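Participant: Taken in order, these protein sequences are the chains called Y and V.
Sequence positions in the first sequence follow my numbering and run 26 to 136.
Sequence positions in the second sequence follow my numbering and run -18 to 94.
What the hints contain is simulated information worked out from the structure, not anything from laboratory work.
Treat the hints with care, as some may be off.
As the list claims (entries may be wrong) - Straight-line Cα separation of at most 35 Å, DSBU-like style, residue types lysine-lysine; simulated pairs:
id: 1; chain 1: Y; residue 1: 77; chain 2: Y; residue 2: 128
id: 2; chain 1: V; residue 1: 38; chain 2: Y; residue 2: 28
id: 3; chain 1: Y; residue 1: 77; chain 2: Y; residue 2: 94
id: 4; chain 1: V; residue 1: 38; chain 2: Y; residue 2: 77
id: 5; chain 1: Y; residue 1: 128; chain 2: V; residue 2: -6
id: 6; chain 1: Y; residue 1: 94; chain 2: V; residue 2: 38
id: 7; chain 1: Y; residue 1: 128; chain 2: V; residue 2: 38
id: 8; chain 1: Y; residue 1: 94; chain 2: Y; residue 2: 128
The model shown is predicted, which means the values in this text are computed figures rather than measured ones.
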Amino acid sequence: DAKTTQPPSMDCAEGRAANLPCNHSTISGNEYVYWYRQIHSQGPQYIIHGLKNNETNEMASLIITEDRKSSTLILPHATLRDTAVYYCIVVFTGANSKLTFGKGITLSVRP
Amino acid sequence: KAGVTQTPRYLIKTRGQQVTLSCSPISGHRSVSWYQQTPGQGLQFLFEYFSETQRNKGNFPGRFSGRQFSNSRSEMNVSTLELGDSALYLCASSLTYPNTEAFFGQGTRLTVV
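In isolation and in its complexed conformation, chain V is listed as follows (with noise of 0.2 Å):
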């Protein structure tokens, strides 16, 4: 079966601007979470949906927000754009909550310019 899709896999963007990236999880898999990944901090965390709610939240500004659909499709969104927000956005997929038994998507490479 497919795994998990992330749209786009690069983006460039002007600061200011805002970006919303698209996760479609594995077929069956109710929970979504988000990690951000710099080469200086890691990887960080995000966020976890799970049945359309926010389950977690990480230490991340207000800037950063997301959602899922009723299908567990998932999306986040960053506005405002700082340079320090580039950085590969990584979606994660489980069946159930939490999500630690994780399927990852390749990733959207986001550069802020």
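Excised from the complex, chain Y in its bound form (with noise of 0.2 Å):
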């Protein structure tokens, strides 16, 4: 699976959007983008992911650039609960693929 770069944290105020980078210039034609955030004390939680397509569900909002080395995840009215380690993470979902956690980036939403 190709490598995922990110930040080792950042900040954002409660109420504001919180934009969250991740740099993938190794990324395979074939492989997704996946997001997981996790909360302290809890396990890992599902965000979203995509290919080559701006993708947005309730939780969030990935844009993927159009050469695909890079993504932004967008948590568009960021709240204190948001404040957790997110993953950034490049999968190829095909036989044998499975996820491979980096550090992640720690976002902190503060008041």
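With the hints in hand, could you dock these two chains into one complex?
Facilitator: Here it is, written out as structure tokens:
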């Protein structure tokens, strides 16, 4: 699986949009970008995934650049409950694929 | 519907002992994966089961094993426990294989003394 690069941490104000970047410059054409988050003392939670088109669900939006070498997860109105470690994962969803978690980015939402 | 259930939540074992952890997936989910989480190594993939067959395995020694039953429930076993096996063990389930859109349980916190 291609590796991802995320800054170690960032913060944002409650109610503002949180834009979490991820670089995946070696991504292959058939690899998806997945985002998970892990709130302290809980198991990871699936957020969203995409291949090349932008995706949106009730939790977040995923913007993937045209060359697919980077992506941004957007939490449109961050709340204190969104404070967590966010993992960007690139994975080929075929046989023997697996989620390979890196260090992630720690998002701190401040009041 | 109920989420992924892992039992027990906390466990203390002595070096050299063995331990069995249990995972009940979300109803209807047929794939179960296991992960180990430690402060030093982060989240690491152990193995994935689908239809009672191990489909994928991470880079862990043979002391780590698992199985899946016909009702999709899964167990993992660690034999000859070492201090370094102290970790949070997480189970995740999904409808199909591979388990990439996964729902995780709360984990079992294993402490080896």
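Participant: Run every hint past the structure and note whether it holds.
Facilitator: To see whether the hints hold, each was checked on the structure:
1. Proposed proximity of residue 77/Y and residue 128/Y is supported: the alpha carbons are some 24 Å apart, at most 35 Å.
2. Between residue 38/V and residue 28/Y the CA atoms are separated by roughly 19 Å; this keeps the pair inside 35 Å, and the hint holds.
3. Between residue 77/Y and residue 94/Y, the direct Cα distance comes to roughly 10 Å. Compliance with the 35 Å bound is thereby established for this hinted pair.
4. For the suggested pair residue 38/V and residue 77/Y, the alpha carbons sit about 28 Å apart, so the restraint of at most 35 Å is met.
5. The hinted pair formed by residue 128/Y and residue -6/V meets the criterion: a straight-line CA distance of about 28 Å does not exceed 35 Å.
6. Only pairs whose Cα atoms come within 35 Å are accepted, and residue 94/Y paired with residue 38/V is accepted, the gap being roughly 28 Å.
7. Of the pairs offered as hints, the one joining residue 128/Y and residue 38/V holds, with about 21 Å between alpha carbons and a cut-off of 35 Å not exceeded.
8. For the hint pairing residue 94/Y with residue 128/Y, the CA-to-CA distance comes to about 19 Å; that is within 35 Å, so the pair holds.
Figure legend: structure checked against the earlier numbered hints; every hint is met.
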